[in-house]
Each structure stands twice: as structure tokens, then as C-alpha cells.
Amino acid sequence: MKPFTYVVPRSLAEATEACKQPDTILKGAGIDIVDRMKERLQTPAQVVNLLPLVAELAGIAVEPSGELRIGALTTLTQLEQHEALGNRALAALRDSAGMTATPQVRNRATVAGNILQFTRCWYVRSEAFRCLHGGRGPTCLALTGENRYHSVMGWIDCVRVHPSNLAPPLLALDAEYTTVLGDKQRRRKLGELFPAEPKAQAAEHTLEHGEIVTAIHIPKQPAGARSSYCESREKQSFDWATTACAVRLVLDGGVITAANLVLGAVSPVPRPRPDAAKLLVGQKPSAELFVKVAEAAYAGAQPLPHNAYKLTVGKAIVRDALEQAAR
Amino acid sequence: MTLPPDRKSGVSRRSFLKGTAAVGIVTTGITATATSAPPRPQSFGPGEHEVALLVNGKERKLKVETRTTLLDALRDGLDLTGAKKICDRGACGGCTVLVDGEPVNSCLMLAMDATGHAVQTVESLSEGDRVHPLVNNFVRCDAMQCGFCTPGMVMSSLACLQKRGQPTYEQMQHDLSGNICRCGTYGRIMEAIERTVKGGGK
Amino acid sequence: MSANTPRDVEVTVGYHALPGLKEDRLEKRTVKPADGDAPPWDANTKFTTVGTDLDRVDGLAKASGRAKYSYDMTFPGMLQGMIVRSTAARGKLSGLELDEAKAMPGVAAVIALKEIGNKVRFVGDAVAAVAASTLHQCRDAIEKIRATYDTEEHNVDYVVAEGGPQLAANGEIEDAWPEHKEVEAALAAAKVTHTATYRTEVQTHSCLETHGGVAKWNGDDLDLWLSTQATFGCAGGLTGTLQAKGIKVGALTIHAEFIGGGFGSKFVPGIEGLAVCLLAHAAKAPVKLMLDRFEEHTTTGNRPGSLAQARAGVDGEGKIVAWDWRTFGHCGFTAYDDARNAGGNVALPDFYSRGAKTRGGRDRLHKEVPADTDPPRPMRAPGHPQGWFAAELFMDELAAKAGIEPLQFRLKNDAEQIRQDQWRFAAQRFGWDASRNQKPEAGARFVRGVGLASARWGSLGGSGKRRDGQGQAHGIACRINGNGMVEVRSGAQDIGVGTKTVLAALAAEELGIAPRWVTAMTGHTSDPSGPASGGSTVTPSIAPAVRHAAFRAKSQLCAAVAQHFGVDASTVTCADGKIGTADKQLAWADACKLIGPNPIDVRGERADNYASDPFHRSQCGVQMAEVEVDTWTGVVRVLRMFGVQDCGLVIAKKLAESQVLGAMIQGVSYALHEQRIMDKRSGRMLNGDFLRYKITGPQDLPHLSCHMHSIANGHTNVGAGGLGEPPSVASAAAIANAVFHAIGVPVRHLPITPDKVLAALAQKKG
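Residue numbers (numbering that gives the first Met the number 0), protein chains in the order written: chain A, 0 to 326; chain B, 0 to 201; chain C, 0 to 765.
Hints may contain errors.
Stated by the list, open to error - Calculated lysine-lysine pairs in the DSSO-like style (CA-CA distance at most 30 Å, straight line): (1) B:57 <-> C:67; (2) C:283 <-> A:291; (3) C:67 <-> C:763; (4) A:37 <-> C:679; (5) C:101 <-> C:366; (6) A:37 <-> B:201; (7) A:198 <-> A:183; (8) B:62 <-> C:652; (9) C:91 <-> C:679; (10) A:37 <-> B:197; (11) C:318 <-> C:113; (12) A:1 <-> B:62; (13) C:91 <-> C:438.
What the hints assert, rightly or not - Listed next, with one range per pair, are the computed distances between beta-carbon atoms: (14) A:38 <-> C:19: 21 to 31 Å; (15) C:349 <-> B:161: 38 to 48 Å; (16) C:702 <-> B:126: 48 to 58 Å.
Treat the hints as calculated values from the structure; they're not laboratory data. Backbone N, C-alpha and C define an ideal beta-carbon position, used for all residues, glycine too.
Model the full structure from these sequences, guided by the hints.
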């Protein structure tokens, strides 16, 4: 890592103020950022540490409205183990938190950090390569290089995949997020956190410089809601997902009355698939239905030379997620 | 950093909020004053400065840069070389230490972020003649070969035992999933955990 | 046991029947021990310590975190070192500017490792090195080093490499076979023939402790803590290299008491071993230089990838009558220089084809295929896991075509008696028949299968004495102190197999005392010379030397007791912690008091092997595996594995089992998870970390069990075998066969990742 000044704020106001300095970044636990700083991909002159702000920025609370407020600095372990997530409606979020990375990482990695983290494309994450998304080269190297772990849909000029396990379930649960920028606070639907057009030159998220995510909100889930999260891997112990799927089904009298379906690890941003989800509405769960939905979820995919397998595997994972939610 | 529920070791949320000695960062006495200018946050570095770390129950003072990881602080600053640098990227668990009782990758943690927390390394499990039963059981079950992953495995195993009391096989696999062994000792490590549960190793 | 060497001794070699089988395989031999050597152990020897469950003697040091590896050494004023590496895959160094780096804060030395005009041969080739107070400062300084290259077009893709075969889209080698009339006639006459091509990818050793060390000069003397598996080889090699560079070297001592893995990659000091010595010399301060994980993956060698194609035929009885192979090793840049010996050999079993027409040893078709990558280094059973994967899967495919069950096919074609017993025993223990005959439901998502494979390792510890590069015979030092404590020392290393424990166990057994009296030390070249940890020869090589040393020490102690009692030395025995005659005895501690202030200090050596025929000349084993395949996602999970492994005399039972179990897990990893992935355009490894270079973890762990097959082979006074490599040979092959059984189509390309399984299943459907 290059030398940096480490700012230890005592309030959000101090943190935001510190961001006005040039060449400054924010850091939570740093699981992603410290890694990139070791590679010297990030060489800030100043790092603002958000960890001292756990009092206001961590913790899970159930609001009177039934909404769940998850502080941005809540760790994945805390999220996974919190009793408020111990129900079928929020199973997707709990399960995805519990299968992210390793116990050691989960004990420190934060919810916000997980959602905001930089992609794990092996080209952009190495200081030896200069690519468009990394802002140091003219093209996407994975597009014409080794792309077995890269996108199969929704890519424009960069085939990175979104690395967050939490993002698909959060989207499936209609999550929102609150940010603070200066003295302005905003709350928006989580989908707005990801670029609508995930070009190479777009960051993984839409935050402005100095804008701090303070909380994630999960609205009170509809009665009869069940969610699930499944992912495929090459090995069981600590591996990045090759495909992922989060679903939320609302069942009433054995019939699906509403459905959300979001794919992960196959696109530069988490991918809601409303057209596929629509096929579920008004239907009774069945294996045949799930096959149809899985096909629709991957309809229009544009696989790359080395990752066509993701279509087969991805559809199986969609079927698994649906079966698990509908069980 | 986790804000742990009340634990026997480490800092409780209450004392942290009260801002007691929990905040182990060496301060220079900067306090917020009631003026109209926004308060300036504390900042450190980029050069070396002294910090105090609570390691294995003792306060240890050492010099670190802001870019020094907890792993490097332990190994190079305090000669606690049990935790190993194997991948230096949080992928293999060889650097695992307990922070406030929870296993973390010390290679991804800035030393400064460890101030105010209780750090426990493998060296704490053997002092003079006293050896923790888990460590004895690693020996008894031959849960090592080259031994380089072993300290990290011991710490993850300790955390598993402390969290679960009587872990199932699947739970052991789960709790060790962040630790890589190239020699292939996983099975015997789990036998060592089981033997400890059953009271062996004393 | 007395302390005299008998003349001719009749020994029983071989083994008692494996559990569940009827026949003992025991034979008599007459051996002539060398003068002064310990008399031989054999199949009937009753042991007190050897063969028991004794604990690893350095286990507590390791589990407590107190063991200091090279990586852990630190000295006052020690600097850190770092190597500057080529970003070009091929070309020449055209410029190297070091001055700016030399002026950076904390920098104590900057040295060039290449000269202008020198070739660079792969991404990662070492160009220069820096020593500074901290690693951060090294990195800061390295950014100021300007290295430029005249680059040439490079190739890191073995599929299109120079001299490689033509591969069809389906992976089959298309080139015509070189003519061989006998083999072709036999193929033509065979009842059933089969041909297929098998492929493996590059596997890196992935030692957890990276390569490197700490160098500390004291005048012209050098102490080097080096992470190595060849203390004497490296000491000799480095001395020569340093002297050739004009550096005066007095005594060079290597210290390697604890090593965090080697697996074959640490026989040589490497550029990092040399660089740390040069930096320390230039900086006049101790320097630590350890590679980082990316360097470890890309500059310390690997198990080369391979291609192997077979064509073979069987007769109406299922006997193999024709057996023809051609193999290719994927070898890195050294294969440009030497197309035959670049380290890419593919070892194949020769015992299935004893009755068949083959091309014969001298006409063996093998080629080393070069590319602009880091060359291979020996890796745990070099050539064997890849060759056995090809051969054993081919055997199962050939058997399937001929309508013969795989176990029966082995029994029919493998005449080795030991393996015949092992096949039958393993089948019983594993429940082979029941698992083999299980039929999955039609259209089931999860399908299971079982597979088997042989293991064969050619070395039983070599024959006769081994001498290190300096002409000194390998030896063992044994010291008995007046307080009863015994020290056994070898200058060779324990890379994790338990060499220290072997030393202690053998000495304790020979002296008739409990192991707690014995301490063992390895890894310092100031102690007697010993072999490199290669070829699985350390244990069989030094075991007889330990006995010899202990035997000699015992003789001296017996002589002291004899004098004390006023009897003839030949009447004094030493056993069960007591020394004396039938009438008068001293307990061990009391006997040792007679030694006085000067300990008994002897040196033992390994005598030449006994002249008579050993029981067998190669180590045998078999393994079986059961897998479950998810046909929807292509994921393979190994459910269980069982192995039976011949290891000569089992000395430390738990440790021996650890080797076999550990080898099996490495086999799972090699079969399913590991591969080096290169970016063709840049020539750089893309997965040089532990995120995407995938090593099997605890949640991928099958249920593992093994049976140590103790065989008295009669070639030395101990008859030990090595265990580092033999069990590695079979594992991936057994798994590949299990996958074949589960899904009904072979996956002929390791690692068996989900995409390959899905492709095979799709092919089957289509």
C-alpha cells in the first residue's frame, strides 16, 4: 500500500467534511479496499475510516412500521445471526449473508461494503492489466480474453460481473437505501444504487463522491412471503458464485400472487428479471413451471466464448431457488 | 469490526459508547470544542506513530504506519509469528487471529483498526507448562504436517468451540471453511476439535 | 537384544495376510549385515515403539505457533527484500535504471539480477532486487525502477505451442501415429480396441510458506534460514554460485528446522535464495526475502500440464494384447532448450501391459512442448498423477467397451501379487461390488459412481549409500547424555512428513527406551549430511542410519555397564529400559550416569542394501473413490475414498496415515479444482492467488480412510518405505473413474470442473 493519512471521524459530519479533501476515499472494514490498496489499484492520499461510527451506522432494528433498518456497518455475521431474519420471508438475505466468503471475512465485512465492493474480474483487479473499467486502458480485456467467470447478460462494453451476494436478495425484498451527502439525506429504492447502463466507465454504484450509505431498509414483507437464495460454485469451501438467484414468492392458498426474481454473478449489475417473475404470478408452484421460468430468466443471454456453461448452471440455480422458496 | 454482544473478553458495546478506555487509539488530547467551526477529526500518519494494542490480555505499545496491517504489526512489531502470511489477501485464513473473540483475517485489518479491541493470537494458548487442551489434541490427533496453516486452524477451531460448544461435523466444516491446508489435514483437525469437546487433551 | 552384529541372519520378508484375506505372503531370506551394523528387523519383529500411535515430536511446537519457520526469523537491524520481475513474457532486457530506487527512503541495496541484453523468458523472470527497512519501502522503491524490454511474440497456450500435437475440436490428437508394425498387428488382431486422448492442466505446488529465506553474513560465513527441502543441495549450490560471482564464502550453513511445504518445488535455492544472500552481502545487514503469493504461483515451478493418447486392444479373454501411448509434457521455456528433459515426463503404468505388444521403453513416444512460461519443477510424484489419470481412465473405458467390470479387468491384467491382494482387500473394505452395481433412477438429478486406480512408486529408498554433493556420506549423529537424554540429529530436513519423529522412534526402539528420552533435530547443515526430501527417499535412507548410530551408541553404553559389573561386554544386553546381564541390571537413567561428563557421541551411516533379493522392488497401493455428480450443475463431490498403501515398515503410524490421507485430499484438489489459467495476450497468470486458484477446502472433504500395508522388504536393517509420493499416484485417477461410472461418459480433461461435466452430459444426450 502507498502511504496515506488515516482520518478517524467521530461523527458522520466529520466524515463528510473529510471527504472534501482531494484524493480521499471512505472505508468500512476495508475487506475490499485494503485488498485493492495492497495491489496499488487504489492509492488515496487520505482514507476516512467509518468504523468508529458503528454507534450510528451498525445494528439491526425493527421499526414500528415493521420495516427492518440495517445499519450500513452491520457485519455479515451480525446480519446472518440476527433474530429478525429468522423467518421464511427474509431467508434469502440471511442465507446469502451466511454463505458469503468465509467466517473470518463475514465477521468484519459490512453490508454496505458488500453491496458497494468492486468487481472481482481478474483483469481489472490486477495492477498489471490496464482496461477500460479500471480507467487505465482502451478496451475490456475479458471480452477478448479469459472470461469463464464473466457476464452472460446485460453487458455493454465491459463484461465484469457484480460480486455482491447480498444485492440480489435485497432487490428481491424491495430494499431501499439511505445516504448522507453533506447535510442532505436521501432514501431511494436499492435499484438506483446500481448504474442503469453498466458501461465500462460506470462505477459499480451510483454514489457521488463523499456520499455515505448509512442504512439499508427492508420494508415489511407481504403476508405469505417466502424468499430464497441459491448460488452455484466450483468448490463448496469459499468460492465466488458462478451464478446466483434470489427469489421472493408471495403465496396465498397455494397460488403465487406475487414474485420477484433477481440474478447475480452473471451481469455487471444485479439483474432483476421481471418478465420471468411474471410467469409465476397466478400459478401453483410446479417443477414444469420452474423450468419455464428458468428459461425465461436466461432468455436473451449473450454468453461469451468461455462461459456458456453459466446458462445451464444458472437455470438449474433458478429452479433450485424457486423450489426452495415454494417448499 | 463487530460490535459484539456482551462477551467475556473484549469491549462491550456499552463501554464503547461511553467512550472509556475502550478507545485505545493514542489521542493527543483533541476534544471537540463548542465553536462554530466544524470539529476536525483526528488523523494519523502517513508516517510511523505509536499505538497501543491489547494483545493476549496485555497492552503492547509499538510503532506502526497507517498502512501497517494487524498481521504485520503482530509478526514484525511484536514477534508473535504464530499468525502466518500466506496469501496476504484474506483468502486462506493463515493469518487468523481472534478479535473480540471472533476470527478475522489479520492481513486485511489495519493495525489501527485493532486499537480498542482485544486481539488473541495462538501464542495465548500455551504459556510455560500450561497448554490449551485444543492444542494438545491437535498433537494427539496429528492434525498437522508442515504446520504452516496450523496456528490459523487452531484459532478458527477455538472460535468454533467457543461459539458452539458441541459442534456437529458440518458446523466444524463450516467454521473452518476460511482456512486452507495444502497438506490435507482437515479431517484430523476436526477430530482434534471433537476430542476437545469430549474432554481430551487435558 | 545384544550389541553385537551377527553374521548371516535369516529374516522373514513379506507380509501377513491383509484383513479378510487368507494367505500370508511370507518368504525367507538370508542377509549378511555389514560389520557393526544393527541386525535386521523383519516381518516377525515385535516392536515397542515402532508402528505405534506415537505423537509427532514437533507437533506441540507447530500447534502452539512457537515453531519458527524461515518466514518467522527476525534479527536486529534486519532488512526486507523484494524482487523486481519482468512484465514481458519473452524478449531481452533493453534497459534497467536503478539509481532513482537507490535514493528512496529506507533503501539499503539495489542489485541487478540480469544484465542488459539478457533474455527474459516468462512473465515473472527476475530482473533486479531491492533491500529496504520495510516491505512498503521496497515496493515504493521498486516503482522507481525502470526496466524496459525488446519484446518478441510469445506463446503461453500449449494447444498451439511449437512441436505440440494437433488437437481436434473434441480434444483428440489427430496426428498419425508413428508406425510400429508389431503394435499395429496386435491391434488389428484384437477383439476390442479403443483409443482416446487425455489432458491435464498445470498445477502449482502452492506451498503455504512461500519460497525465500533470511540471510545473515558474519564476515565470510553465511547463515541462511532457507525454506528448503534440500538443505545440503542448496548449501552446496549456493556456495558455488556465490563464489562464481566473486563473493568469498567461508562456511555456509543452512537452517531449515521447520518448512511450510515443499512438494518438490524447494530442491533449489532459486533466484530468491541467491538474491537474499546477495542483498545481505551488499547491504551488510541481515535480509529477509520471502516471495508473495503471486510470485509463488508463477516463479517457483509447477506440475506441468500433459496430453496423453492411448490406443490398445484386448483379446477374447479380456487380456490386453496391444498397448500404445504417446505423451506430451507442457513444459515452460526450458523445453525450447531441451526437448527431452524439460521436466514434463508423463509416467505410465507398465504392469497392465506385461503380456501385450508395446512400443517398448526405448521407443517411448514423448515430447516436451515449450511455452513462454515458468518451467516445471518436480511435484509430488512427478509425472505420475497425470499419467495415472490417463492410464486408469483409459483402462476403465477399454474395460467398458469390452464389457468387463473394471476391478475384474485389473485382476485379469495386473499380475503383481501384492496389488492382487490389495485390490481384493480394498474391494471388500470399500464395498466395491455393491456400489458398482447400484443403478440410479432414470433421470435422477444426482448420480453416484465409484472408481478405482492403482498406485505404484518405483523407489524403495534407492539402493546403497547416498552421498551428497560434497562426497560426504549421509549420516546420523546420536548422542547419549549422562542424564539419560538421547539426541538424534540429521542435517536433512523434515518438510512435514515427520522425519524428526522417525528419528526419535527408531532410536528409542533400538535403545529399548521410551520415546520421551529421545529428542530429534533436523534441518541444520552443521549436522550430519542427509538426503533431499525427494523421491520419497528420506525415511528409507536415513532409517537404517539411525539404527546404526543407535546401535553403536548402545554398544558403548553396554561396554560401560559391563565394566561397571566386571563382566564381559558380550553378555550385556540393553532392552526395555534396562541394561545388564540376566543377574545384574541397571535402569536406563542409572546406566547413563556411568557415562560421566562426556556424552557418548557416535555417527551412524546407511550400509549398502543387503545383497539378497528384496521381497519386492516397488511400492504398491490401490485407491477407491465414490462421487456424487449433480447432473444439473455439473458439480462433482467426492463422498468417500479408501486407500491401501505399502510403505515398508510402518514406523510412526499416525504420521504415515496422515501422508496417505493428505495425498488423497491433494488428489481431490487436482482432480476437481486446481488449474493455472493464463492470459494469452500478456502471458500472465490470471489466478495467481487463493481466490481463483482453487484448493480443496474443509467443505469439499470426502470421508477418507486408509490402511497402512506394512511389508518387510528385506533390503536394509529397517526396511522402511517412503510415503510422500506413493499415495499421490492414484487419487485423481480413482476420482475420474468414479465420475465416468456416475455419468456414463468419461471426462478426459482435468480438472473436472462443472463446465466439463455438463459438456460430457450434453454429448451423451446428443
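Taking the earlier hints as the rules, which of them does this structure contradict?
Those not satisfied are hints 2, 3, 5, 6, 8, 10, 11, 13, 14, 15, 16.
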